[in-house]
Amino acid sequence: MSHDTGTRERRDDPEGQSVVRFDHVGLRYDLGPEVFRDIGFTLPRGSFHFLTGGSGAGKSSVLGLCYLALRPTRGGISLFGHDVTRLPRRLLPRLRRRMGVVFQDFRLIDHLSAMDNVALPLRVSGAPEADIRRHVPELLAWVGLADHLNAKPPTLSGGQKQRVAIARAVINRPDLLLADEPTGNVDDRIGMRLLHLFEELNKMGTTVLIATHNEQLVQRFPYGRLHLDAGRLTWHGVGDPPPDRATAVPPRPRQS
Amino acid sequence: MHSDLPLARDKTAMLVPVLVGVMVFLAVLAAAGALALGNILEDWRRDVSGSLTAQVPPVPGLGEASRVATDERVAQAAAVLRAQPGVASVRVLAEAELMALVEPWIGTGELVRDLPMPRLLDITLKPGAAARANPGQLAQALREAVPGATVDEHRLWLGRLMDLGEALGALGLAVVLVVSGATAVAVTHATRAALATYRPVIEVLHMIGAQDEYIARQFARSALLQGLKGGMGGFMLALPTLAGVGLLADRVEAGLVPSVSLSALDWAVLLLLPLGAAGLAMLTARLTVLRTLACMP
Numbered sequence: 001m002s003h004d005t006g007t008r009e010r011r012d013d014p015e016g017q018s019v020v021r022f023d024h025v026g027l028r029y030d031l032g033p034e035v036f037r038d039i040g041f042t043l044p045r046g047s048f049h050f051l052t053g054g055s056g057a058g059k060s061s062v063l064g065l066c067y068l069a070l071r072p073t074r075g076g077i078s079l080f081g082h083d084v085t086r087l088p089r090r091l092l093p094r095l096r097r098r099m100g101v102v103f104q105d106f107r108l109i110d111h112l113s114a115m116d117n118v119a120l121p122l123r124v125s126g127a128p129e130a131d132i133r134r135h136v137p138e139l140l141a142w143v144g145l146a147d148h149l150n151a152k153p154p155t156l157s158g159g160q161k162q163r164v165a166i167a168r169a170v171i172n173r174p175d176l177l178l179a180d181e182p183t184g185n186v187d188d189r190i191g192m193r194l195l196h197l198f199e200e201l202n203k204m205g206t207t208v209l210i211a212t213h214n215e216q217l218v219q220r221f222p223y224g225r226l227h228l229d230a231g232r233l234t235w236h237g238v239g240d241p242p243p244d245r246a247t248a249v250p251p252r253p254r255q256s
Numbered sequence: 001m002h003s004d005l006p007l008a009r010d011k012t013a014m015l016v017p018v019l020v021g022v023m024v025f026l027a028v029l030a031a032a033g034a035l036a037l038g039n040i041l042e043d044w045r046r047d048v049s050g051s052l053t054a055q056v057p058p059v060p061g062l063g064e065a066s067r068v069a070t071d072e073r074v075a076q077a078a079a080v081l082r083a084q085p086g087v088a089s090v091r092v093l094a095e096a097e098l099m100a101l102v103e104p105w106i107g108t109g110e111l112v113r114d115l116p117m118p119r120l121l122d123i124t125l126k127p128g129a130a131a132r133a134n135p136g137q138l139a140q141a142l143r144e145a146v147p148g149a150t151v152d153e154h155r156l157w158l159g160r161l162m163d164l165g166e167a168l169g170a171l172g173l174a175v176v177l178v179v180s181g182a183t184a185v186a187v188t189h190a191t192r193a194a195l196a197t198y199r200p201v202i203e204v205l206h207m208i209g210a211q212d213e214y215i216a217r218q219f220a221r222s223a224l225l226q227g228l229k230g231g232m233g234g235f236m237l238a239l240p241t242l243a244g245v246g247l248l249a250d251r252v253e254a255g256l257v258p259s260v261s262l263s264a265l266d267w268a269v270l271l272l273l274p275l276g277a278a279g280l281a282m283l284t285a286r287l288t289v290l291r292t293l294a295c296m297p
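Taken in sequence, the protein lines are chains W and Z.
Per this note's numbering, residue 1 is the first one in the first sequence, and the count goes up by one each step.
Per this note's numbering, residue 1 is the first one in the second sequence, and the count goes up by one each step.
Rather than coming from a laboratory, the hints here were simulated on the basis of the structure.
Misleading hints may appear alongside valid ones.
Partner residues are not named here, just some residues of chain Z that face chain W (Cβ under 8 Å, in silico) [stated by the list, open to error]:
hint : residue
1    : A75
2    : A79
3    : M99
4    : L101
5    : V204
6    : M207
7    : I208
8    : A210
9    : Q211
10   : C295
Sample of chain W residues with no beta-carbon within 10 Å of chain Z, all distances over it, derived [claimed, not checked]:
hint : residue
11   : R28
12   : D38
13   : F103
14   : S125
15   : H148
Everything numeric in this text was worked out from a predicted model, so none of it was measured.
By construction, the Cβ of each residue, glycine as well, lies at the ideal position given by its N, Cα and C atoms.
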């Protein structure tokens, strides 16, 4: 994890410390009803949040908006201080390269080996092949896949695929890590190990947002929490959402 | 160069090379036919344009008197012809030559000498004047000077043959155009179909921050390779077919069908077909990927 893409110097943050900011965001798919509306929150740089809520509450949509797969139908989203609703499309790849995303369905490329899958973000940003050969096996070994460097995703178990997906998300040491149920397919021991990996990254400055419905996990880590309920953000703070769902405390950046 | 795509290894990937191959095969055959026909016509044009033959009927009667009269007429006809613009030279075929011409049919002998045989004059046109010389005018001048004399135009029947040839050539060209158009459509669709399979890959590359150009380049490169593979395959398959047709044409033999041949330039034109098809596959892949990506935020 000693890889440095050289992006650290370029980190501009014209709006201060926010990495992700949602402002009265509404989203609807085509002409359907709004999946959610009036979502507003800020993820300060270096913060660590869980995104919780029942299935269908809109967790994946919030993440999709963050990694620019979706565009909000209302409101504004800013990433790294850039208003993404006004940013020209050709500049979006640059923002995406500053993020690591762990998709719920992994989205590994089946015909590429585990190594090549993890190497993708480096190749896309034009990293030298020598760096790739050094860092990728290192990271895969760290997530316990040293023996599966050349395995194709279809031959891997669900948990193994998930770890490949996570390795791909973090190989670039992203500024923002977004993960959709990253511990859904692994046993507790590996789940904890992965969470510690995210903590490590967070300590190095990465802002982390993890969507999960694993209450145990949320309880075990003293981090911030965004709770969605039926398309509304009902809690933003540390600990359990209060039962009356009316209160919302302002975000608290995690100190590291 | 590194590629994140499996295009060369995929099952659906065979679609593009096979289609390109078949289309290029057909296009090469049609184009080769049109070009070879064009060459034949060119040869004919060269043969035809250089010379005309005039015929002077003999003065009726036997014996020396009519022979002398005929000679006079021939000399008169030659004089008239030489005076015509565009005529380089006129040669009167000697009696011996005429005998030689008819010998295969009627043999030799004293009697033959007495046959009322027309005399022939070989007219050579000035180079370059061939196109401008008006055979009709020439024939008329001759007819006025020497009654019954005619200009026998190879041109007339060869001209008709050439009309037919040119029509066939145009037909060949039309076939090339139609096949090329069909190739374009087939290659475009095959490439698109192949790319549809890779949409998830395109999405992943897009999501991890690949520039559109990075993604499009990879697909374009692999489409180019596949197009080349298929195109050259089709081209290679067309070669023995062309050789076979050439062999058959040769066996029809001399004179009737001029030897069929293609020049280096013709081969270059034919080679453009597979290259063009491959280029088209590449362009289609590129545009398709870019269009797919444009729909992604």
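Just pull the numbers of the violated hints for me, sorted ascending. Hints 1, 2, 3, 4, 10, 13, 14 not satisfied by this model.
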